[in-house]
Amino acid sequence: MAEMVEVANLVKKFKELVAVDGVSFTVGEGEVFAFLGPNGAGKSTTIKMLTTLLSPTSGSIKIDGFEVADHQDEVRKKFGIVFQDPSLDDELTAFENLEFHAEIYGVAREVYRPRIEELLKFVELTERRDDQVKTFSGGMKRRLEIARGLLHHPRIFFLDEPTQGLDPQTRNRLWEYILDLNKKEGITIFFTTHYMEEAEKVARQVAVIDRGKIAAHGTAEELKKLTEKDSLEEAFLQLTGKSIRDEEVSGADRMRQHHALWRR
Amino acid sequence: MRAIYILWLRQLKRYVRSRSRIVGSLGQPLLFMVALGFGFGPVFAKAGNGNYIEFLIPGIISMSVLFTALFSGVEVIWDKQFGFLKETLVAPISRLQIMIGRTLGGATVATLQGTIVFLISLLVGFRPIGWWGLPGAWGIMFLMALLFTALGTAIASVLEDMQGFQLIMNFLVMPLFFLSGALFPLNGVPPALAAVAAADPVSYGIDGMRVLLTGSAHFGIVTDLLILVTITAILTTIGSYLFSRIQI
Ligand SMILES: Nc1ncnc2c1ncn2[C@@H]1O[C@H](COP(=O)(O)OP(=O)(O)OP(=O)(O)O)[C@@H](O)[C@H]1O
Ligand SMILES: [Mg+2]
Chain A
1 MAEMVEVANL
11 VKKFKELVAV
21 DGVSFTVGEG
31 EVFAFLGPNG
41 AGKSTTIKML
51 TTLLSPTSGS
61 IKIDGFEVAD
71 HQDEVRKKFG
81 IVFQDPSLDD
91 ELTAFENLEF
101 HAEIYGVARE
111 VYRPRIEELL
121 KFVELTERRD
131 DQVKTFSGGM
141 KRRLEIARGL
151 LHHPRIFFLD
161 EPTQGLDPQT
171 RNRLWEYILD
181 LNKKEGITIF
191 FTTHYMEEAE
201 KVARQVAVID
211 RGKIAAHGTA
221 EELKKLTEKD
231 SLEEAFLQLT
241 GKSIRDEEVS
251 GADRMRQHHA
261 LWRR
Chain B
1 MRAIYILWLR
11 QLKRYVRSRS
21 RIVGSLGQPL
31 LFMVALGFGF
41 GPVFAKAGNG
51 NYIEFLIPGI
61 ISMSVLFTAL
71 FSGVEVIWDK
81 QFGFLKETLV
91 APISRLQIMI
101 GRTLGGATVA
111 TLQGTIVFLI
121 SLLVGFRPIG
131 WWGLPGAWGI
141 MFLMALLFTA
151 LGTAIASVLE
161 DMQGFQLIMN
171 FLVMPLFFLS
181 GALFPLNGVP
191 PALAAVAAAD
201 PVSYGIDGMR
211 VLLTGSAHFG
221 IVTDLLILVT
231 ITAILTTIGS
241 YLFSRIQI
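Chains as they are written, first to last, in the working numbering: chain A, 1 to 264; chain B, 1 to 248.
Bear in mind the hints are in silico, worked out from the structure with no lab data behind them. Treat the hints loosely; a few may be bogus.
[As the list claims (entries may be wrong)] Label-pair ranges, simulated between beta-carbon atoms:
| hint | chain 1 | residue 1 | chain 2 | residue 2 | range |
| --- | --- | --- | --- | --- | --- |
| 1 | B | L134 | A | F122 | 48 to 54 Å |
| 2 | A | E234 | B | L12 | 30 to 36 Å |
| 3 | A | E16 | B | A194 | 47 to 53 Å |
| 4 | A | R109 | B | Q81 | 30 to 36 Å |
[Claimed, not checked] Far from chain B by the CB rule (all over 10 Å, computed), these chain A residues:
| hint | residue |
| --- | --- |
| 5 | E103 |
| 6 | G106 |
| 7 | R148 |
By construction, the Cβ of each residue, glycine as well, lies at the ideal position given by its N, Cα and C atoms.
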């Protein structure tokens with residue numbers, strides 16, 4: 001299987017804080033890959049580097065064989081992304097947000113017109129097509145962002161906590177859509193989540209990152225075997241220590257968490 | 001090209017949809033026209049300076065252009081905070097294209113606002129000396145709009161959030177307006193004030209519009225244009241540079 005993502009010795013420093021500390025991993029084409037870690041572990045920072053938003057302090061990233069630093073625009077066409085924080089224009093309608101996306105990605109009009117209708121139907125927003133996004137609920141916004149990320153036919157889809165704050169029904173439906181896409185179109189899925197059952201259910205490969213370093217990498221089964229636990233949740237806690245490190249934390253850890261919480 | 005167009009269109013849509021903002025931002029110029037124009041008119045005429053409304057209107061139009069353009073530029077901060085900026089930054093287009101699209105959009109919006117204020121001034125009794133001057137006055141409005149959108153973008157690119165906003169208002173926008181020749185003739189003011197006004201790009205925009213709308217000049221249209229074009233070029237370059245360095 002060809003590699004869709006190849007990351008080698010990736011480092012990102014914010015002044016004295018090392019947010020990502022020498023991370024290496026690969027994600028195969030067509031894979032469903034969960035990137036797990038506690039708050040402030042460096043997940044979003046890694047995704048931002050993979051998607052050209054941040055430049056790494058050092059290390060190399062290849063997406064579908066292209067070095068990200070040297071082929072920004074090729075790489076940008078290849079991925080779709082749903083950010084952890086909202087990124088829609090609230091003043092525009094659902095349709096206009098999608099149209100905007102298609103235009104800046106240079107998708108031909110004849111191609112994107114039907115594609116938009118198809119995607120709106122897919123995420124069940126056809127009826128709200130011409131409503132301003134500021135009238136949408138959190139779940140509807142999330143679905144719209146997913147539709148938008150898929151609009152230009154990406155080869156890999158990054159989802160940074162796509163189900164955060166959603167009710168269980170919506171979460172299930174979302175994963176149905178996404179896994180369906182993975183199966184039908186072979187899109188590689190790269191996601192983060194704090195729901196371990198979710199990761200265990202949908203991911204075929206899991207990497208656990210903690211304090212900027214990869215703590216483990218493999219299938220959920222492999223991680224459970226490694227830690228001798230029965231569920232991914234327990235394995236995760238074993239690998240990363242307590243879920244929130246209030247006690248006996250070092251100054252640096254406290255700073256990471258403080259930063260992570262306040263940056264939301 | 002398509003990317004620039006859709007970025008431009010987005011600014012326009014946002015402007016047209018914010019009706020309360022449009023109406024709100026027309027109150028101030030109207031107030032200035034009525035209170036200052038009619039209030040100081042008699043004194044101004046007695047001092048032998050002619051019709052104050054006529055003198056004031058180009059200044060008020062410039063004020064609207066200045067405010068609207070600067071705020072359009074500063075909207076980059078909103079986009080940072082509300083996350084939409086990320087959507088444009090990961091797209092397969094250059095930062096320069098984003099900057100151009102945004103700046104043209106902001107400048108168009110500011111020019112529209114200036115045009116509305118001009119139309120209001122007609123209601124208050126203002127008459128340009130000739131219709132031939134209007135296209136030129138429009139051009140100057142657009143040039144000023146570009147200049148201040150670029151300035152706003154440059155500022156917004158280095159600010160993290162809206163906290164610095166009040167600072168900009170008090171220490172940049174207000175002085176730019178009040179220290180220009182918007183409200184008083186620059187002939188015969190103390191040399192220090194004249195020097196400050198001469199360093200304020202707003203003065204040249206206003207002067208250019210006065211030439212074309214009322215036929216009076218302080219610096220002269222050639223100087224006005226040269227200065228405006230030069231400063232616009234410089235600020236656009238600086239703005240593009242700072243914008244290209246934004247890290248999320
Ligand atoms: N722009 C920035 N400037 C300074 N520090 C940053 C910046 N972005 C992230 N950090 C810090 O880097 C560390 C990793 O943050 P990151 O957002 O990658 O964590 P995360 O794993 O996504 O956490 P969460 O689960 O809370 O989303 C945190 O300590 C955070 O405070
Ligand atoms: Mg995160």
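Violated constraints from the hint list, given by number and in increasing order: The structure conflicts with hints 2, 5, 6, 7, although it agrees with all the remaining ones.
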